[in-house]
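Residues per chain are reported as follows:
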Amino acid sequence: MEDEKSTPQECPDIHATRPVPVMHPSWWIGGAALILFVLAFIRLLVTNENLQWGVVAAYLFSPEILAGLGRTLYLTFLAMIFGLVIGTVLAIMRLSRNPVFQVASWAWIWFFRGVPPLVQLVFWYNLALLIPTVSVGIPFGSDLWSADTNRLITPLSAALLGLSLTESAYAAEMIRAGIQAINIGQTEAAATLGMTRGQTLRRIVLPQALRIVIPPIGNDTISMLKFTSLVSVLALPDLLYSAQMIYSRTYQTIPLLIVATIWYLILATVLTFIEHYVEHRLNSDRPFDLSKILPSLVRSRFWGTGRRGMSV
Amino acid sequence: MSGVMPLLKVERLSKSFGSHQVLNSIDLKVELGDVTCIVGPSGSGKSTLLRCLNYLEVPDSGVVFLEGEPVGLRWRGKKLFRMSFNELAVQRQKMGMVFQGFHLFPHKTALENIIEAPLVVKRMARMQAVAEAMVLLEKVGLTDRAHYYPRQLSGGQQQRVAIARSLAMQPKLLLFDEPTSALDPETVGEVLTVMRQLAEEGMTMVVVTHEMSFARDVADHLIFMDGGVIVEAGEPKVVLSHPTHARTKAFLARIL
Numbered sequence: 001m002e003d004e005k006s007t008p009q010e011c012p013d014i015h016a017t018r019p020v021p022v023m024h025p026s027w028w029i030g031g032a033a034l035i036l037f038v039l040a041f042i043r044l045l046v047t048n049e050n051l052q053w054g055v056v057a058a059y060l061f062s063p064e065i066l067a068g069l070g071r072t073l074y075l076t077f078l079a080m081i082f083g084l085v086i087g088t089v090l091a092i093m094r095l096s097r098n099p100v101f102q103v104a105s106w107a108w109i110w111f112f113r114g115v116p117p118l119v120q121l122v123f124w125y126n127l128a129l130l131i132p133t134v135s136v137g138i139p140f141g142s143d144l145w146s147a148d149t150n151r152l153i154t155p156l157s158a159a160l161l162g163l164s165l166t167e168s169a170y171a172a173e174m175i176r177a178g179i180q181a182i183n184i185g186q187t188e189a190a191a192t193l194g195m196t197r198g199q200t201l202r203r204i205v206l207p208q209a210l211r212i213v214i215p216p217i218g219n220d221t222i223s224m225l226k227f228t229s230l231v232s233v234l235a236l237p238d239l240l241y242s243a244q245m246i247y248s249r250t251y252q253t254i255p256l257l258i259v260a261t262i263w264y265l266i267l268a269t270v271l272t273f274i275e276h277y278v279e280h281r282l283n284s285d286r287p288f289d290l291s292k293i294l295p296s297l298v299r300s301r302f303w304g305t306g307r308r309g310m311s312v
Numbered sequence: 001m002s003g004v005m006p007l008l009k010v011e012r013l014s015k016s017f018g019s020h021q022v023l024n025s026i027d028l029k030v031e032l033g034d035v036t037c038i039v040g041p042s043g044s045g046k047s048t049l050l051r052c053l054n055y056l057e058v059p060d061s062g063v064v065f066l067e068g069e070p071v072g073l074r075w076r077g078k079k080l081f082r083m084s085f086n087e088l089a090v091q092r093q094k095m096g097m098v099f100q101g102f103h104l105f106p107h108k109t110a111l112e113n114i115i116e117a118p119l120v121v122k123r124m125a126r127m128q129a130v131a132e133a134m135v136l137l138e139k140v141g142l143t144d145r146a147h148y149y150p151r152q153l154s155g156g157q158q159q160r161v162a163i164a165r166s167l168a169m170q171p172k173l174l175l176f177d178e179p180t181s182a183l184d185p186e187t188v189g190e191v192l193t194v195m196r197q198l199a200e201e202g203m204t205m206v207v208v209t210h211e212m213s214f215a216r217d218v219a220d221h222l223i224f225m226d227g228g229v230i231v232e233a234g235e236p237k238v239v240l241s242h243p244t245h246a247r248t249k250a251f252l253a254r255i256l
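From first to last, the protein sequence lines stand for chains A and B. For the first sequence, the residue numbers in the numbering used here are 1 to 312. For the second sequence, the residue numbers in the numbering used here are 1 to 256.
If you're looking for bench data, these hints aren't it; they were derived computationally from the structure. Do not take every clue at face value.
What the hints assert, rightly or not - Restraint-style ranges between C-beta atoms, simulated for each label pair: (1) A:Val22 <-> B:Phe85: 55 to 63 Å; (2) A:Asn219 <-> B:Met5: 16 to 24 Å; (3) A:Pro116 <-> B:Ser181: 17 to 25 Å; (4) A:Asn219 <-> B:Phe85: 30 to 38 Å; (5) A:His15 <-> B:Met212: 48 to 56 Å; (6) A:Pro215 <-> B:Ala246: 56 to 64 Å; (7) B:Pro70 <-> A:Ser135: 18 to 26 Å; (8) B:Pro70 <-> A:Ala177: 49 to 57 Å; (9) B:Val58 <-> A:Phe111: 50 to 58 Å.
For glycine and all other residues, C-beta sits at the position ideal for the given N, C-alpha and C.
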C-alpha cells in the first residue's frame with residue numbers, strides 16, 4: 001500500500017499520462033455467463049435432429065406458406081387501419097364535453113379491452129346464432145336492405161371484426177394520451193387565430209399527437225401481427241394455420257412451427273425497422289441516415305453516453 | 001373622433017376562480033391606435049383580464065364589446081345567447097394574441113406557422129399567403145429563418161415569429177400576455193423593438209408587461225392593477241413618476 005501512495009514528485013506529468021479506464025468485472029462475468037447460454041442454445045439448434053432443418057428449408061418458401069404469410073400481413077394491416085380509425089374517433093369522443101359521447105366511448109373501450117380477442121373471434125364467427133339477419137332501414141319501419149348474417153360473416157370478416165375492434169380500444173387510449181400530452185397553449189394559440197375546433201384538431205393537435213403515438217402504434221402493429229395467429233381457430237389459412245395444415249398431413253410439426261416462427265420474426269424485424277424509420281423521420285430534420293437508425297434498434301441510452309474509458 | 005365608439009370597451013367585468021375573486025367589476029376603454037399597458041404584481045388579475053378580452057376565459061359577469069359588438073354573446077330577438085366556439089372564432093380573428101410561452105406550432109416552420117391561419121381560416125391562396133408572410137417576416141427581421149422549425153430558433157426569434165403569426169390575420173387589436181417574461185435579458189430588446197415599431201405604425205395593442213421602460217416610452221395609457229381592480233390609470237409618465245395611490249407607490253418602489 002505504501003509504495004502505491006507515491007508522492008507527486010515521483011509520478012510522471014499528469015497531463016502526459018493517459019488514465020487507465022474503469023474496469024467492470026461484472027460486465028465480464030455476466031457477459032461470459034450469457035455467452036455460455038447462447039453457445040448452448042446454438043448447439044441445440046444445430047445438433048438436435050428433431051428440428052429437421054432440411055424440412056424447414058423445403059417449406060420456407062412453399063406457395064402454401066407464402067399465401068398464408070400474405071394473409072397474415074393483410075389481416076395485420078387492415079385490422080390496424082380499421083382499429084386506428086375507430087380508435088381516433090373514440091379518443092375524440094372520450095375528450096368531448098358531451099357526456100353521452102364520453103360514456104359511450106368509455107363503455108366501448110371497457111368492453112373491447114376486457115374481452116380476450118380469441119373469445120371475440122369465436123363470438124363474431126357465431127354472430128348468426130344471436131342475430132340471424134342484418135338489415136338497414138328506417139327504425140320501426142320498412143327495411144331498405146337486409147342480408148343473412150351467415151353470408152356476411154365469413155372467417156375473414158369475423159377475424160377483421162375481432163381484431164380491429166380490440167385494436168380500436170387500445171388505439172383509443174393511446175391517441176387520447178397523445179392528444180392530452182399536447183400543451184393547452186397550442187389550442188389557445190389556434191383559437192386566437194380564429195381557427196375552429198375542427199381545424200385546430202385536424203391541423204394542430206392530431207399531427208402533433210400522432211408523433212407521440214407512433215412508437216406505441218408500432219408496438220401495437222407488432223402485437224397485431226402475432227394476434228392474427230388467433231384466426232387459425234376460424235380455419236382462416238394465415239401463416240400459422242397454413243403451417244398447421246401442412247403438418248397435419250405430414251406430421252412434421254416442429255419443422256413447420258419453425259418455418260412459421262422464422263417468418264413471424266422476419267416480419268417483426270421489418271416492422272421494428274419501419275417504426276424506427278418513421279419515428280426518425282418525424283423527430284428529426286436531418287436526412288435519413290441508416291447508420292444512425294441501425295444502432296438505435298438494439299442500443300438505448302440511459303447511463304450517459306458511456307464512451308470508452310469513461311466511468312459514468 | 002368624438003361620437004365614435006371605442007374599439008374595445010369592457011363593462012363591469014368580474015371573474016372568480018372558486019372562491020377567489022380575480023377580477024372585480026373592471027371597466028376599460030381602448031381607442032383605435034392606442035397602446036395600453038397593464039402592470040401590477042403577480043396575481044393581480046392582469047393576465048386574466050387580458051384572457052377575458054378574447055374569451056379564452058369566460059367572465060362570470062360583465063361584457064367585453066369589440067367595435068360595439070358583445071364578445072362571445074349574441075342577441076336573437078330579446079334573448080341573449082352564448083356563442084358557440086366556432087362563432088367565437090370569427091370574432092377572435094379580429095383580436096390577435098401573443099403569449100408568454102410563444103406557443104408556436106412545433107411541427108411547422110416559421111413560415112408555415114404564419115401562413116397556417118390565412119390558409120385555413122381565410123382560405124387565402126397559398127402564393128398570396130406566403131408573399132404576405134414573407135413581408136411580415138421581414139418586418140420582424142427573420143427573413144432568413146423562414147424555413148426553421150421553432151425548436152431551432154431562440155426564444156426572442158420564436159416570439160417575433162409569434163407576433164408575425166398574429167399579424168397575418170390582420171387583427172384590429174393585438175393582445176400581449178407578458179411577451180418578454182420567458183426570454184433571456186439579452187433577447188428581450190429584440191421583441192420590444194418589434195412591438196415599438198408596431199405601436200408607431202398605429203397598431204392597437206393591450207400589453208400586460210413588467211417592462212416599465214417600454215410602458216413609459218410606448219404606452220398611451222398605463223393601467224395599474226392590484227387585487228382584481230384597476231387601482232390607478234392614466235398617462236404612463238404621470239402614473240409612474242407621480243403615483244397617487246399607496247399600492248401603486250409600493251409596487252413601483254419595489255420594481256423600479
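Hint by hint, here is what the structure shows:
no.	hint	result
1	A:Val22 <-> B:Phe85: 55 to 63 Å	59 Å, holds
2	A:Asn219 <-> B:Met5: 16 to 24 Å	59 Å, violated
3	A:Pro116 <-> B:Ser181: 17 to 25 Å	53 Å, violated
4	A:Asn219 <-> B:Phe85: 30 to 38 Å	35 Å, holds
5	A:His15 <-> B:Met212: 48 to 56 Å	52 Å, holds
6	A:Pro215 <-> B:Ala246: 56 to 64 Å	58 Å, holds
7	B:Pro70 <-> A:Ser135: 18 to 26 Å	51 Å, violated
8	B:Pro70 <-> A:Ala177: 49 to 57 Å	38 Å, violated
9	B:Val58 <-> A:Phe111: 50 to 58 Å	36 Å, violated
Hints 2, 3, 7, 8 and 9 from the list above are not met by this structure, while the remaining hints are.
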